[in-house]
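Undergrad: Assemble chain B onto chain A, guided by the hints.
Protein chains: 2
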Amino acid sequence: MKINKRIQIFREFMEQKGVRLSLIWDPDNQYYLSGFRAIIYSRPIVTLIHADKTELIVPGLEELHALEKAKVDKLYVYYEQIDMAHKEISYLEHLTRLLKKYPAGTKLGVELGLLPASVYLFLQEQGFELVDVGQKIINMRAIKDEQEIELLKIAGQLSDYAIGESLKHARAGISELEFDSYGDKFLLEIASKDYPEELIGYANWTCSGIKRSAMPHLYSSTRKFADGDVVVHSRQVWFNGYRAENERTFFVGKPSEKQKDLLKLAIEAQRVGMEMIQPGITAKEVDIASYQVFKKAGYGEYVNHRIGHGLGLSEHEEPYLRFDNDLVLEEGMVYTIEPGVYVPGLGGFRHSDTIILTKTGSFSITQYPRELEYMLFD
Amino acid sequence: MKINKRIQIFREFMEQKGVRLSLIWDPDNQYYLSGFRAIIYSRPIVTLIHADKTELIVPGLEELHALEKAKVDKLYVYYEQIDMAHKEISYLEHLTRLLKKYPAGTKLGVELGLLPASVYLFLQEQGFELVDVGQKIINMRAIKDEQEIELLKIAGQLSDYAIGESLKHARAGISELEFDSYGDKFLLEIASKDYPEELIGYANWTCSGIKRSAMPHLYSSTRKFADGDVVVHSRQVWFNGYRAENERTFFVGKPSEKQKDLLKLAIEAQRVGMEMIQPGITAKEVDIASYQVFKKAGYGEYVNHRIGHGLGLSEHEEPYLRFDNDLVLEEGMVYTIEPGVYVPGLGGFRHSDTIILTKTGSFSITQYPRELEYMLFD
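So the protein sequences, as listed, match chains A and B. Reminder that position 205 of the first sequence reads as 205 in this note's numbering, one-by-one numbering, no gaps. Reminder that position 191 of the second sequence reads as 1191 in this note's numbering, one-by-one numbering, no gaps.
Chain A extracted, bound-state conformation (with noise of 0.2 Å):
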């Protein structure tokens, strides 16, 4: 992780802006700066980014992963044992003495859309000016290096390994939760093998049955597969943090042909998609583009979400393919590709594919074949 070179750009940034620190709240962004993330938050972790150098503040169960894993140049650690209480015993000690450095009407960067306001008012009280520096991190992340697309790409390949061999059980009777516990064993034994001593989770959302798949998102339940259902799986996949995701909708028995056509016509609206995605284009064109497809055939109120989202890090990254959104792609911009019709009655229908544009087109990290024909199961 080219932790250095990401923080000489944001601080070129907060150098533009007349920022001369920024605190960094949210997780996904401080592993980002930093290489460190915990697990859980409930004890307050801050990443402090200074024109000449970088500070966190952990919890004392952290003190030696931090130590371990944070590129950063100064560590400050609180504690909670009474034989410590004559230490720091809150993040906000060591914070409120870091700051003191600077006179009042210093100009601090935070993440408005992500802070807590009750730190955001705590900052305030100590007299920082606070500006945004959220969209820049936003922004940054947006465009991965050669590093993330490795992690993503066994990702990709790992989430088409699960996929597969949940769907070898696809059958009436196994529940959703069933259904996605053969793809996660099986992702885990393949990763064990082939990336010892590495970082990898996993997500399933499984819709199955007329009624659920018709609801996009959803928990996987323990409702059993059966005749007649339409099934939405979504599989997602992280390596060393970098998620791809891997949708593939399809049939428990036999399905009407009203049924195969709109998972045709799905296949084909993201089809479409994934054709037209490239650097140069709009995100907005790509969305509407897909939507087209439905909209021609007759089902577009039956749309009900964007084509797709970046991905990296976190689940789901700004900034998203939505038909009013003019940002121009770029290489190293990841997007699923994933539009959705849902029928009551019928059913829903979407697949979703992960894709990193490069300098002259695109290319999905994700393979498991999409036709009608591989997605019916008797």
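One or more hints might be untrue.
[Said to hold, decoys possible] Here are the simulated DSSO-like cross-link-like pairs (lysine-lysine), alpha carbons at most 30 Å apart as the crow flies:
| no. | chain 1 | residue 1 | chain 2 | residue 2 |
| --- | --- | --- | --- | --- |
| 1 | A | K5 | A | K71 |
| 2 | A | K69 | B | K1211 |
| 3 | A | K211 | B | K1053 |
| 4 | B | K1185 | A | K211 |
| 5 | B | K1193 | A | K254 |
Hints in this document: simulated from the structure, not taken from any laboratory. This one's a predicted model, so the numbers in the text were calculated from it and none came from an experiment.
TA: Just chain B now, kept in the frame of chain A:
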């Protein structure tokens, strides 16, 4: 879920504070007060609690889901398709309109510690006086009702099954993630059989080896267990949103006498905490008593976290069992008891169980054996 009762209690609090409406932002708090939870919130979702009605703002793809699950009086939907651009395309359009009927200076309740600064500033610009209501929701959520306790009990039992199954496969050569996956798969099979059409989720953090186990919180990795390892396995299961935590420390191969003593010490510190916790005692008393076990044995300096946290809809819930918390514990509270000791060169040692406080005492919803003899895997 007794949503109406919760809303009633919350409204009484609002009235006392002169708060005429509250905007609830946190997903878990919204679930607690409306019964609706989405998977992901990159599209904002907001619950409004007025004196006379409740309102929910959702993106189009959650409309059917919200209609089915949300116990609110009014639902407002915003869209992201080009053909809906004449309607609302942002939650802010709905919000601005719904807030308009209140005069400038109206007191509006927000979760100060959870609401993003950008939304706080938006509400301030609309002329509201913003009042923190987050602590009230924390206090309400801390006391579980009978129905919540039933869900927690199921989660606890499922976590026992999963730990047992994972431990059957504890041996040198298996990776942390593979070890986890055996428990996951078994858990989902049992749950699918016993609890049809329910939501079940899980997480594991398995830290194996002398070095990794000495760090209390790490994501499971593809590192393979080896002879001489100490392993701290954290297993979490949630059932319809309610979470049990279950952690066991075990040995792969032959531990040294010192390592065995350290695990026995952690078990003893946990026993002290579990015996002590009951209504009428303070949070700090439990933490300090348990800590003293380590201190008396000369290991006080190797303790780096509080003895436990609240549990329920969130992974860690306030209030905490910490040395400086004077809170008097009450019936219906739920706590992990998980004293840990982390000695470089020897490893980390921590069991965790999830305890429910009753009228006169407490009981553990996690029951997997704790004794050293069950924690040896040759």
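Undergrad: Output the numbers, in ascending order, of every earlier hint that fails for this structure.
TA: none
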